[in-house]
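A.B. asks: Chains as they are written, first to last, in our numbering: chain A, 1 to 292; chain B, 1001 to 1292.
Simulated from the structure, these hints should not be mistaken for lab results.
Heads up, the beta-carbon is just placed ideally off N, CA and C, and yes, glycines get one too.
A portion of the hints provided could be inaccurate.
Example chain A residues on the side facing chain B (calculated, C-beta under 8 Å, incomplete) [as the list claims (entries may be wrong)]:
| id | residue |
| --- | --- |
| 1 | M112 |
| 2 | D118 |
| 3 | V134 |
| 4 | S153 |
| 5 | Q162 |
Quick look at which bits of chain A chain B covers, simulated, 3 or more residues with Cβ under 8 Å [as the list claims (entries may be wrong)]:
| id | stretch |
| --- | --- |
| 6 | 33 to 47 |
| 7 | 88 to 101 |
2 protein chains.
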Amino acid sequence: MSARLPGYERWLGRGSLFSRCLELALKEGEGSRALWEAMEYTVLSGGKRFRPYLLHASVMAYGGDIEFAAEPSVAVELIHTYSLIHDDLPSMDDDDFRRGMPSNHKVFGEAMAILAGDALQSRAFETILDEGYVKRAGAYLASRLALELAKASGASGMAGGQALDMTGGQQDEEALAAMHDLKTGALISFTLRAGALIAGSQDLAGADRIGVLVGRAFQVRDDVLDATSTKEQLGKTPGKDAEQGKFTYVTAFGLEGAKDRLRNLLEMAEEEVKVLPGDGKALLAAIGLLRA
Amino acid sequence: MSARLPGYERWLGRGSLFSRCLELALKEGEGSRALWEAMEYTVLSGGKRFRPYLLHASVMAYGGDIEFAAEPSVAVELIHTYSLIHDDLPSMDDDDFRRGMPSNHKVFGEAMAILAGDALQSRAFETILDEGYVKRAGAYLASRLALELAKASGASGMAGGQALDMTGGQQDEEALAAMHDLKTGALISFTLRAGALIAGSQDLAGADRIGVLVGRAFQVRDDVLDATSTKEQLGKTPGKDAEQGKFTYVTAFGLEGAKDRLRNLLEMAEEEVKVLPGDGKALLAAIGLLRA
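When you get a sec, could you build the whole thing from the sequences and use the hints?
C.D. replies: Put into structure tokens, the structure is as follows:
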């Protein structure tokens, strides 16, 4: 993934501020060694860092200072990872594999997996409110970013979307989109908003529109991949949607219908990016990645 | 409880800033109605609001402005509540009752209980970083309080303590205290620190000493009550410690030995409070509540 993306290595690779900041977030402190191990296990299990990349790309697209992107990027990655750990639990989606490896609870047990998710959420806010970041970015920006992240994570965001998904009943495209806008879109919209806020832009409506489009595209692509990939390609069990009789973009509109929708969403997102004041190259590249 | 505590009704009772702020935190927003219900269920199930009271009392004891106590008090109560919901889960302490009512997962199911805890944690940070609070208290204080709360909640705090408790093996008083200092003490220390920070005091070491003493006293008292109370008095299943062969202050030192320890801890805490610059009346009253 990284080779195709402008800035990826510099922003997220070895030696980057992001990678040092991520290391610091996982550095074993007081408490239970097993818990720190469980936290590290999933965070370092080879995710693509799509959200951190989006956040950096958004800072660039809004013409902001990239030096302020690392801490909020680590924070959003920790929140995303905690959600994967909790979503994989037996009482939730009951997934035994994640990123090609046994899920967190299969390795550390359910109790530790729940706690690892809980502690990763705390650690996300700790990272974004870190004294060093507050000093560099200012308390106002740091607290605003943390507020946005909290909103995007909670009942009116990601957790709310997962709850809607759990209780089910999305039987039309509108309900499906509303669920995904929270479950996946809220955190992605956060990365766009964070870029705008770091750049001092007031254009949060534009960031939200891009966030929603990219979030939906991400999910449609996920449905397409679930229907067409092997376990090796996917890193988790494929075909679960059809098996569970879930209403997805593919089961509802067929593979080609889903791909059409994906194309439309990506084109609309690209149009939005083109009018942003900064350098949209990286953001367009990230969006391009979602073509199935 | 409230009748004996100076300021309790004014700070936490109906019409108080705290109660309005708590209402706002639970006000149903976007997302899943079932999730909002699950969150509200345990938050409003009649807790004593010990931590919010401690936080208000600490602000007074440090001579700070009580007007800044509500939001961090709501936040610490939400974090505490999320920890109760997760700790009660079958894979954790497996408690069917909490505060005399069926635990969260018995009513809403495991998935929703996990999500309710997750979303309450996000909501805690949302509350403390709320735009109104940031405007009133200043971004620096708000972000510092949120940072302290994140540290107290996570792997080096409450979640770490619960992980130590889960993996077990506390077979002497030192290991037991170390576990409880994180599991219970970290959040209580947060309330003391928050009071000092709101008052602009630099005496965080004193706040930490009181926090640790009160936290330990709280836990010793919990062990004593677990050994001596009925389910009706306790609101949850008693006698579980002895039944599970757990090393507790009572199983290790006997009932009288545990009570001696409790007395010592409370006396030491009281000495610390007496040297604080503000009005320590409420804090002493809160500490006095812990006499078994």
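A.B. asks: If a hint holds in the structure, say so; if it does not, say that too.
C.D. replies: Hints and how they fare:
no.	hint	in the structure
1	M112	6 Å, holds
2	D118	5 Å, holds
3	V134	6 Å, holds
4	S153	4 Å, holds
5	Q162	6 Å, holds
6	33 to 47	holds (count 4)
7	88 to 101	holds (count 3)
In this structure, every one of the numbered hints holds.
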